[in-house]
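Novice: Dock chain B against the given chain A, drawing on the hints supplied.
2 protein chains.
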Amino acid sequence: MANQLKPPPPDIVIGRLPLYLRALDLLAQEHKEVTSSYELGERLGISSAQIRKDLSHFGDFGKQGTGYQIDFLIGQLQHILKLNRHWPVVVIGAGHVGLALVNYKGFQDNGFDIVGIFDRDPEKIGQEINGVKVMPDSELVTTIQEYKVKLAMIATPAAAAQQSADIIIEAGVRAILSYAPITLVVPPEVHVQYIDPVSKLQHMTYYLEE
Amino acid sequence: MANQLKPPPPDIVIGRLPLYLRALDLLAQEHKEVTSSYELGERLGISSAQIRKDLSHFGDFGKQGTGYQIDFLIGQLQHILKLNRHWPVVVIGAGHVGLALVNYKGFQDNGFDIVGIFDRDPEKIGQEINGVKVMPDSELVTTIQEYKVKLAMIATPAAAAQQSADIIIEAGVRAILSYAPITLVVPPEVHVQYIDPVSKLQHMTYYLEE
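So the protein sequences, as listed, match chains A and B. Going by the numbering used here, the first sequence opens with residue 2, and the numbers climb by one from there. Going by the numbering used here, the second sequence opens with residue 2, and the numbers climb by one from there.
Chain A extracted, bound-state conformation (with noise of 0.2 Å):
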């Protein structure tokens, strides 16, 4: 399966995969053993010649005609995107998102264990959401390290999310979900992907009629 030779897979392929995982998952749920690229395609709203040209990328999973095996191609997306482990998350920021963050049951039940949320502002220091502790920003590289914290989500302020960035980097942080409104400037093998919902209303408001 393995060949040398091919080029890696382009970054708006990787960033499709968890989406097939999601649909998988939910076909799952619902006891179906076997599904097409036909039927992830009418759930996901992406044509099913894509569906085979990104999955084909990483190897042959499915026979034409019959399909693909639900549970094994789960298995196999979960492996290329390095899911079948648990992965500890800190959170930088314990205000509105911070805390949305930390109660939202999704990020454990997909194996992202939040270990920490951080705040600088003395009153919410000690506050326990969901089981997690908010603690002091001075405790976050300690925190990073003892857990070996590769990803981390950042929700503060815009003002603050530059410096809180810089910091968790140079503690080992590789990834990074930013929900503050600004650009950050990382080191190469640093990746962020950003969730901005004020973007993405204002992508949708350029087709609405007035």
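Calculated directly from the structure, the hints in this document are not laboratory data. It is possible that part of the hints are untrue.
Any copy will do: because identical chains look the same in the list, a pair fits if it lies in one copy or spans two.
[Unchecked claim] Cut-off 30 Å, straight-line C-alpha distance, at most; resulting in silico cross-link-like pairs (DSS-like, lysine-lysine):
1. K149 <-> K201
2. K106 <-> K125
3. K54 <-> K201
4. K134 <-> K106
5. K201 <-> K33
6. K7 <-> K201
7. K201 <-> K106
8. K201 <-> K83
9. K125 <-> K33
10. K83 <-> K149
11. K33 <-> K106
12. K106 <-> K149
13. K106 <-> K83
All values derive from a computational prediction rather than experimental measurement.
Specialist: Frame of chain A, contents of chain B only:
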């Protein structure tokens, strides 16, 4: 400037315009008056050629060698994205995510006015968060019609999201930002964007060394 023969700009270009707008807003806050595709590109991690190409879909906004007038370009982008007005928005679901949305200042700062948050849990109804009252689902349709709401954010559990979408689309909503981890089935005239932090984390674990 208008050229009827031009094809419509690709959706991926539209999706980058809010990022340009955000970067320009920050430059304006720094009291800068002029910028360049190079400076914008540096701040956004997007090539200057890409930025010039994206903007060229909509007109000629800068002079070769003199760059862009920031205030002018902000005004143009706001006009293109239909942001030179306020948009009423409803939030469906008053759980942790819904409450974080109502508490987030960024919507109002950008002209998105949350006119109501809706839930089916009688214990939540009547609560007031950040000046917005939690209302029962039964008032959703009348609120959408009264305020001519075209935009909604869905923050319900996955199992309730499709039903909520059906109801609000029937009432007149034409753009949905969904926090529920399922793909919504909507008619072609309705735009949907998703916010799914788990998928974003899973995208990045691919690149992490274990």
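Novice: All hints, please: hold or fail.
Specialist: Right, here's what the structure says about each hint:
1. With identical chains, the CA atoms of K149 and K201 are at most 30 Å apart between copies only, with a shortest distance of 20 Å across copies and 33 Å within one.
2. In the homo-oligomer, the alpha carbons of K106 and K125 lie at most 30 Å apart both inside one protomer (22 Å) and across protomers (20 Å), since each shortest distance falls under that limit.
3. In this homomeric assembly, K54 and K201 come within 30 Å of each other (Cα to Cα) both inside a single copy, at 27 Å, and across copies, at 21 Å.
4. In this assembly of identical chains, K134 and K106 lie within 30 Å of each other by CA distance both inside one copy and across copies; the values are 16 Å within and 25 Å between.
5. With identical chains, the CA atoms of K201 and K33 are at most 30 Å apart between copies only, with a shortest distance of 26 Å across copies and 33 Å within one.
6. Taking the shortest Cα distances, K7 and K201 sit within 30 Å of each other only across copies (25 Å), while inside one copy they are farther apart (34 Å).
7. For the identical chains of this complex, K201 and K106 are neighbours both inside a copy (23 Å) and across copies (16 Å), given an alpha-carbon limit of 30 Å.
8. Within a single copy, K201 and K83 get their C-alpha atoms as close as 28 Å, and across copies as close as 13 Å, so both meet the 30 Å cut-off.
9. Within a single copy, K125 and K33 get their C-alpha atoms no closer than 46 Å, and across copies no closer than 36 Å, so neither meets the 30 Å cut-off.
10. For a Cα distance limit of 30 Å, the shortest separation of K83 from K149 inside one copy, 16 Å, qualifies, whereas the shortest one across copies, 45 Å, does not.
11. When the C-alpha separation of K33 and K106 is checked against a cutoff of 30 Å, the pair qualifies only within one copy, where the shortest distance is 24 Å, while the shortest distance between copies is 43 Å.
12. Taking CA atoms no more than 30 Å apart as the test, K106 paired with K149 passes inside one copy only; the shortest distance there is 22 Å, against 34 Å between copies.
13. For the homomeric pair K106 and K83, the shortest alpha-carbon distance inside one copy (20 Å) is at most 30 Å, but the shortest distance between copies (36 Å) is not.
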